[in-house]
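Below are the chains, spelled out letter by letter.
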Amino acid sequence: MESGVLVEWLKRAGDPVERGDVIAVVETQKGAIEIEVFQRGTVETLMAQPGDKVRVGATIAMIRSPGEAPSAAPVAAPVPAAAPRFVPPPVTPSIAPPAARPAPLPGAVRGSPAARRRAAELNLDLSTLRGSGPDGAITLADVERAARAAPVSARPPAAPAPAPAPRASAPPLAQTMRDVIGAAMARSKREIPHYYLSTTVDLEPALRWLEATNRERPVPERLLPGLLFLKAVALALRKFQDFSGFWADGKFQPSPAVHLGVAVALKQGGLIAPAIHDADQMSLSALMAAFRDLVRRARTGGLRSSELSDPTITVTSLGEQSVETVMPVIYPPQVAIVGFGMVVERPWVIDGAVVPRHLVTASLAADHRVTDGHQGARFLAAVAALLQEPDKL
Amino acid sequence: MSDADLRTAVLQALASVAPEMDEAELDPKTSFREQLDIDSMDFLNFVIALHDSLAVDIPEADYPRMTSLDGAIAYLAERLKAAA
Chain A
0 MESGVLVEWL
10 KRAGDPVERG
20 DVIAVVETQK
30 GAIEIEVFQR
40 GTVETLMAQP
50 GDKVRVGATI
60 AMIRSPGEAP
70 SAAPVAAPVP
80 AAAPRFVPPP
90 VTPSIAPPAA
100 RPAPLPGAVR
110 GSPAARRRAA
120 ELNLDLSTLR
130 GSGPDGAITL
140 ADVERAARAA
150 PVSARPPAAP
160 APAPAPRASA
170 PPLAQTMRDV
180 IGAAMARSKR
190 EIPHYYLSTT
200 VDLEPALRWL
210 EATNRERPVP
220 ERLLPGLLFL
230 KAVALALRKF
240 QDFSGFWADG
250 KFQPSPAVHL
260 GVAVALKQGG
270 LIAPAIHDAD
280 QMSLSALMAA
290 FRDLVRRART
300 GGLRSSELSD
310 PTITVTSLGE
320 QSVETVMPVI
330 YPPQVAIVGF
340 GMVVERPWVI
350 DGAVVPRHLV
360 TASLAADHRV
370 TDGHQGARFL
380 AAVAALLQEP
390 DKL
Chain B
0 MSDADLRTAV
10 LQALASVAPE
20 MDEAELDPKT
30 SFREQLDIDS
40 MDFLNFVIAL
50 HDSLAVDIPE
60 ADYPRMTSLD
70 GAIAYLAERL
80 KAAA
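Chains A and B supply the protein sequences, listed in that same order. Using numbering that gives the first Met the number 0, read the first sequence as starting at 0 and increasing by one per residue. Using numbering that gives the first Met the number 0, read the second sequence as starting at 0 and increasing by one per residue.
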C-alpha cells in the first residue's frame, strides 16, 4: 500500500491530543482507517485537506509536545503492515489493562469499506445516509438504496440515455485488497524461509469447559472456541518470545508486548488481520469483548492505524465449516503465524481404548531466520498443553 | 407474538450479521449458515441480537435448532410460549 485519501480531520489546529486519540480518517486499500496520534501535545498545523491523496509515511500534521516551542514533531500518514512502528519497551512491565477505546467521535460516520467506496463513486455524502448495519453503520446496500432513490425522479423516462461522462473510476475494493494481499504474500514467500509444523490437539477438555462456562453466562458474554485458541497462543508467547516481533533492518526485533493479529475474512472477499493489543494480559471475558469488537470493526469500518501496523504475530482460524488443516503464510514483517482448522470428531486412543473425541489441528509457520523446528515444536506443544487446562486460560 | 413478528425479528437479526443478504433468495428450510457464509462470530451476534430484541434466553445447546429460518422461528415460538 502506497497511499490513501484523507477523508476527514477529527481534530483542528489548537486542539489538545493524547496518545491514542484519533486525529483523522484515511480511506485506504484496506478500508477506512482511523489514524491515531502517538504522542501527547497540541495540534499545530494540519497539512492536508480532506480529499487529498496522502502517501504512506508523509507528514499530514504537526503536533507540538507540551512545553515545546512552536513547530515540531510531524505525524506520519498511516503505515499499516508496511513497517512496524516500534514503541520502546517500558522500563517496568505494564500490568494495567489497556485503556478503554475512546467513544466514537461525533461526526465520525461508520461505513463499510465497500460502502465508502461506492458512495465516493456516486458522489454521495455518507453522513446524509441512514445506516442499517451494526451500530448504524452504513452498508453497501444502504448506499445502493440511496443511489436508486435519488436519481429516479430526475431522469426523464423516455429520453435516450446520455453517454456517461468519462470518469476515472476507482478499481473495485475487492481487487485493490487482493493486490495488497498479493503483494504482502509474494514478499513473504520471496523473503521468508518458512518452516511448517502441525499437531493434533485433543479439544474435548476445552469444549467441555466452554459448554459449562457458557451455561452460566448470559448470551452477550458467551465465549467461542476460537477465543481459547487466541488466549492459548498469547500465553504461550510469554515464554516463547522468539515468535512475537518483527524482522526489520536485517535482524529480528522481539516485541515484549503480545499484539495478536486476528485474521478476519471479509464478506466482500479478502481478509484483514488487525491486532488485539496486549492480548496476553486480558481476562477471557475482556479478550472476548475485544475480539467481537475487532471483527465488527474489521467488517464495518473503523479499524485504527495501530491495529493494522503492529500485530506481532497472527492467528488464523478457519472456522467450523471448513477444512482440517491450514498451512498459513507469514505476514511480513512478522516472523510467525499460528493456524487452527475446523474442530472435528474423530476416533482417538485414550488409555488403550478407541473413543470418539473432538480434535483440532494446530499449525505453525515460522521464520527460519529466527527460529527452527525444535523451538517451533516446543512452542506449538505449549499451545496444545494450555488448551488441556482451559480453566487456567 | 405471531409467527410473522418472529419472522421479522429473525430476519432483522440475520441482516445485522449478513447485511448483503437477499431475503428473496434465502431458502427458509435449509441452514442459513452456508447460504450466507455465517461464521461462529456471526452466529453469536445473531443470537445476541435475538436475545436483545425478544428478551429471550437461548441456551447454547439449542443452537443447532436455530440454523435455518423456519427452524429458528419454530424454536423461538416454542421458547417464548414456555416462558409466558
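Everything labelled a hint here was simulated from the structure, so no lab data went into it. Each residue gets a CB set at the ideal place from its N, CA and C atoms; glycine is no exception. Take these hints with a grain of salt, some might be off.
DEER-style ranges, computed between Cβ atoms [what the hints assert, rightly or not]:
{"id": "1", "chain 1": "A", "residue 1": "P204", "chain 2": "B", "residue 2": "K80", "range": "55 to 63 Å"}
{"id": "2", "chain 1": "B", "residue 1": "D51", "chain 2": "A", "residue 2": "A247", "range": "51 to 59 Å"}
{"id": "3", "chain 1": "B", "residue 1": "D2", "chain 2": "A", "residue 2": "R186", "range": "51 to 59 Å"}
{"id": "4", "chain 1": "A", "residue 1": "P219", "chain 2": "B", "residue 2": "A81", "range": "15 to 23 Å"}
{"id": "5", "chain 1": "A", "residue 1": "V322", "chain 2": "B", "residue 2": "A81", "range": "35 to 43 Å"}
{"id": "6", "chain 1": "B", "residue 1": "P63", "chain 2": "A", "residue 2": "V322", "range": "53 to 61 Å"}
{"id": "7", "chain 1": "B", "residue 1": "D36", "chain 2": "A", "residue 2": "G351", "range": "40 to 48 Å"}
{"id": "8", "chain 1": "A", "residue 1": "P253", "chain 2": "B", "residue 2": "D61", "range": "54 to 62 Å"}
{"id": "9", "chain 1": "A", "residue 1": "S282", "chain 2": "B", "residue 2": "A3", "range": "20 to 28 Å"}
{"id": "10", "chain 1": "A", "residue 1": "R345", "chain 2": "B", "residue 2": "A83", "range": "40 to 48 Å"}
{"id": "11", "chain 1": "B", "residue 1": "Y62", "chain 2": "A", "residue 2": "G351", "range": "30 to 38 Å"}
{"id": "12", "chain 1": "B", "residue 1": "R6", "chain 2": "A", "residue 2": "A247", "range": "33 to 41 Å"}
Cut-off 25 Å, straight-line C-alpha distance, at most; resulting in silico cross-link-like pairs (SDA-like, lysine to any residue) [said to hold, decoys possible]:
{"id": "13", "chain 1": "A", "residue 1": "K266", "chain 2": "B", "residue 2": "A82"}
{"id": "14", "chain 1": "B", "residue 1": "K28", "chain 2": "A", "residue 2": "Q320"}
{"id": "15", "chain 1": "A", "residue 1": "K266", "chain 2": "B", "residue 2": "A23"}
Worksheet item: Looking at the structure, which of the earlier hints fail to hold?
Response: 1, 2, 6, 8, 9, 12 and 13
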